[in-house]
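Protein chains: 4
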Amino acid sequence: MTTLALEQHRPLDAIVLGRAGVDLYAREANMGMADISGFNKFVGGSAANIAVAISRLGAKTGFIGCVAEDTFGDYVCRYLSGQGINLDGMMKDASGSRTSVAFTEMKPSDCNVLIYRNKASDLTLKPEQVDPDYIASAKMLVVTGTALSESPSREATLIAMEHARRSNTAVVLDVDYRPYSWRTDVDASIYYGIAAGLSDVLIGNREEFDMMETVLAPGNKDDDATATRFLRGHTQVVVIKAGELGSKVYCRDGHRFRQGIFPVEVKKPFGSGDSFAGALIWTLANGGELEDGVRFGSAAAAINVSGDSCTEAMPTREQLFAFIETRKQDR
Amino acid sequence: MTTLALEQHRPLDAIVLGRAGVDLYAREANMGMADISGFNKFVGGSAANIAVAISRLGAKTGFIGCVAEDTFGDYVCRYLSGQGINLDGMMKDASGSRTSVAFTEMKPSDCNVLIYRNKASDLTLKPEQVDPDYIASAKMLVVTGTALSESPSREATLIAMEHARRSNTAVVLDVDYRPYSWRTDVDASIYYGIAAGLSDVLIGNREEFDMMETVLAPGNKDDDATATRFLRGHTQVVVIKAGELGSKVYCRDGHRFRQGIFPVEVKKPFGSGDSFAGALIWTLANGGELEDGVRFGSAAAAINVSGDSCTEAMPTREQLFAFIETRKQDR
Amino acid sequence: MTTLALEQHRPLDAIVLGRAGVDLYAREANMGMADISGFNKFVGGSAANIAVAISRLGAKTGFIGCVAEDTFGDYVCRYLSGQGINLDGMMKDASGSRTSVAFTEMKPSDCNVLIYRNKASDLTLKPEQVDPDYIASAKMLVVTGTALSESPSREATLIAMEHARRSNTAVVLDVDYRPYSWRTDVDASIYYGIAAGLSDVLIGNREEFDMMETVLAPGNKDDDATATRFLRGHTQVVVIKAGELGSKVYCRDGHRFRQGIFPVEVKKPFGSGDSFAGALIWTLANGGELEDGVRFGSAAAAINVSGDSCTEAMPTREQLFAFIETRKQDR
Amino acid sequence: MTTLALEQHRPLDAIVLGRAGVDLYAREANMGMADISGFNKFVGGSAANIAVAISRLGAKTGFIGCVAEDTFGDYVCRYLSGQGINLDGMMKDASGSRTSVAFTEMKPSDCNVLIYRNKASDLTLKPEQVDPDYIASAKMLVVTGTALSESPSREATLIAMEHARRSNTAVVLDVDYRPYSWRTDVDASIYYGIAAGLSDVLIGNREEFDMMETVLAPGNKDDDATATRFLRGHTQVVVIKAGELGSKVYCRDGHRFRQGIFPVEVKKPFGSGDSFAGALIWTLANGGELEDGVRFGSAAAAINVSGDSCTEAMPTREQLFAFIETRKQDR
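Residue numbers (the working numbering), protein chains in the order written: chain G, 1 to 331; chain Z, 1 to 331; chain U, 1 to 331; chain X, 1 to 331.
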């Protein structure tokens, strides 16, 4: 298997579900939080990043999430809309929650990030706000795992995946695990396990699969064994990312391959996962082959981490192809 | 299929997971809560009721749950222990939770019940308190659905079911739905759906299956369609109870049958479901046939509702057989 | 000063503010919680107890509080109404709170009491539910300190005391301190300090005054120093109770006296404080002298602890006088 | 009375209690939140603003509060320390709270401000963290009312005021009322009422006094009546601010006066209250006359609102006097 069977005649290529928020990046690079003079403002959040990545590459993209009913919520919506993203699934909450904000130093490593997510708006999304018809209007549903970390967003996410299964919308789960959002790894592994069983494509790094194996196979570090374990139920593809070592990809039919990274000068240690997922999903949504998707993903990740922000550094189709042309791929 | 394939050489026949609490029954029958002079004290809670039912019939029974670290908790544990139930899985909570208490009028119908479950001890059970080896020591794990209604008990229940699957312990889910414990039917249907997918045997009444179909098939009242929907994944048997109309039983292999009730004079409108489940599980644990299990369940239910309490009115094997001998079965 | 200056021409003698709930007393005396067969049902809660005590003695009594909108709430209201108590200030809460319930062993000492007060209805009383005109219709407002332990009941209690001050309704504070209701003694001392400053009469035992002096005079055990400290602001009378040693009473004008107890066979170690307060308040409301009030209080306490319940064992005027006649008072 | 009697031989002139956080000001003026490119970073929060104002003018200043144990907390502490402020009373919280952040547009009016205060660190301050000896080391304690809005900060504030009373440290209450922090105006009025009774100097605007009179005198708009009502207990001075109309000042001894504003071009509509309070407190701490204090306060407010931030725009003594020299005061 190298392509994903999708319902081709749907108005949207992919709907991304999860967090959209504000990213505030230190104005000065290589300087600590106390010393910088201020922040540059961007839209961020992994689901928003992935949605922008997909849309920039040219796919018709939708969004399911929630922001606060305030000027930051307006900003996020206006930006995503401007990126061509359909927001029919975006809710606004006026109950006192706040749009998630991340304050970030700009350093290639040891980069301090402060997350403001107490009563975060994205986690107020309710199952009754998720429209099955909207999900049925897309070829793919992309779920970012942070949406599972708290009720009622957890239930909204699970019901969205159920709706996707019933309407034959393919499901991609980007694990996106943030330990601080969970009581214990055991709790996280329970809900990630349920969500993985509802997914066609599962994307995570080794540490994220460690968490998902907390109960099933504590201590396991063998990617092959992990892939075998998760290639069950609906899951057809497992992607295990290993940072500078590239990615391993396992398919239900036994096919497997590796993909190296495109080495670049890293300006910030984040954004790579979201751009990787975006380019992979864009490829699959267009009927492209998995191998191409993963290669495009690696290239998009390289482009992103050498840029100054997440959303703004997502490449267009032209930029992506130009980059690949001019670079020799590692490994 | 008429028997359940079980790991026969295990020390325990069944472990019941869920609520054990105190039942306080009005001393005077057919009198309102304000007028009664006091209450008689019993151990109750659906999981405790089922455990006592199974144990009374002669099966080796275990328990997973939590009571408060106080004199009511002691009372519950002493009683269950005295009924021959193994309590290796029973926790005690000292964080300010309280053992669940139900105050009940004694009337055949329109029976007012007051439930004290704010910060209930049983719902404080944590996934890390559930021992996989304990679950692997039993042929069957019986889950009562109320345990799904709140975190962390919800996660403890899901992990217990996972442990059961991995150790080949058969899982019975008694739906036991209490709307007041849930934010919405949609929320309930999500977790019941997950739990149903992890169960070998699924027992509920029509209203409970309605809740489970809130999203999947809103408005459906067709038992056959319901059974077809839930006879998927691991589920081999679906039992749909209809009160005075008896039960319909559906098997994975297409086999199906009905079982009527044993008419008796009803003293109280509760306890029947738990005694039904208890006798059915006892039968299956002993390698008995499903048809016998459902018939014994109906008889045990009839015996129970004509008695003065729940736990104390659970029949022994001898009482059960004597009752069946002397009664003509309805329908 | 030996009488309290009161607005004499008011329809109510005293309004009591605080907890009314259900007391469940072990049916068998001198037996542990696990072994008793059930409970006898009574109305209880310190504010309810004091209100019944006052009303039984013949004073016109009102109540400010909250019970659940359910059959226990109905029971409490019907009982208090039947005792001649005006319930214009009694609210019913339907938000999921529960009427407070206390389960009690019947032993003269080491008596286990289980309190069910998670989300207790009495603590849901809101400041906007307290009617200043109702308070202005009474000579005295009696506050039991437990009402201060949580918001919004805390704010309701403080506003009630403010209303009382502004309408010249005399305020009695019965400290009624339950450590389990508070985060720390320091927190408790802050709110009790504020409430004491708004009170004309302050009643507590040595341990309760210790708590109130947590910050002001940690470690102090000198009753005279304590009384001096609290005879400030509006406070005219301080009563320090010492169990079997009787009470010490201090007045603003320097007058002070002691009152011994009436020795009786104790059936249960509670109810004495509430009956003491009730008889004292009844005396003051009728223009009686403080010395008589404290003596009547001691007699009422003795009568109560030798009875089988709290509310039901509150003496009438005739019973009180008869008891005093026939007993020699201890000193 | 025109000066405040203070304990002159103390190491600190004033300790300010309340919120210190991060202010993020829109980089571009007169532009909406969605359109600006980023934010300039400052330390803010009314208590921090007042502390900086006092310290800039040359007084020895301390602080009681709490920030998060993270890089924003470090930043706030380092800045305040650098302003010469003693931080012996500053706590760091590591329980998941976050330092308060305010995002602000830069407009003279209709200025949108987004407050991130869900689980704010300053409101986690506990009464047991307030050191009476620290308070006794200062001439004055300045309380900003927001600290009263939630437990445990509410209790910490009340105990600090009690400690101040007992150590003869004069108390200034700057009302600083934020309706969104409170359940109702009635709740707010209760705690502000208690705090006002513990204060020597009370500073607020008409709307804030309206809130404080919610129960006592609903609808009153008469400043004279208000002042009379609050010049009780310990309170010696009441300052009622009326924006462009200046301030009215009332003293316990009947003395009263008005003070106009210094007209300037307003760059932002905040900071004026904190700089006013700072200059007034500095004057009183140095034994200056009330009239001078209020005049200096008005001048400091004018200087502040014409600057680009709050803390950074607080004048030094030299700047203050220079400004007054060159300006004709409005009346």
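If you're looking for bench data, these hints aren't it; they were derived computationally from the structure.
One should not assume that every hint holds.
Chain copies aren't distinguished; within one or between two, either way the pair holds.
[Unchecked claim] Below, in silico cross-link-like pairs of lysine-lysine (DSSO-like), each with a Cα-Cα straight-line distance of 27 Å or less:
no. : residue 1 : residue 2
1   : K221      : K60
2   : K221      : K119
3   : K267      : K119
4   : K248      : K92
5   : K92       : K107
6   : K107      : K267
Practice problem: Up to 27 Å between alpha-carbons, please classify K221 paired with K119: within, between, both or neither. | Solution: neither (35 Å within a copy, 38 Å between copies)
Exercise. Could you place K92 and K107 in one of the four classes (within, between, both, neither) given a Cα distance threshold of 27 Å?
Key: Between copies, since 26 Å is at most 27 Å while 33 Å is not.
Quiz item: Within a copy, between copies, both or neither: where do K248 and K92 come within 27 Å Cα-Cα?
Solution: Answer is neither: 38 Å inside a copy and 43 Å across each miss the 27 Å cutoff.
Quiz item: How would you classify K221 and K60 at a CA-CA limit of 27 Å: within, between, both, or neither?
Solution: neither (37 Å within a copy, 39 Å between copies)
Practice problem: Measure nothing new, just compare the shortest in-copy and cross-copy C-alpha distances for K267 and K119 to 27 Å and report within, between, both or neither. | Solution: Answer is neither; intra-copy 31 Å and inter-copy 32 Å both fail.
Practice problem: State whether the alpha carbon distance between K107 and K267 is at most 27 Å within one copy, between copies, both, or neither. | Solution: Result: close within a single copy only, 6 Å intra versus 34 Å inter.
Violated hints for the displayed structure, listed by number in ascending order: 1, 2, 3 and 4.
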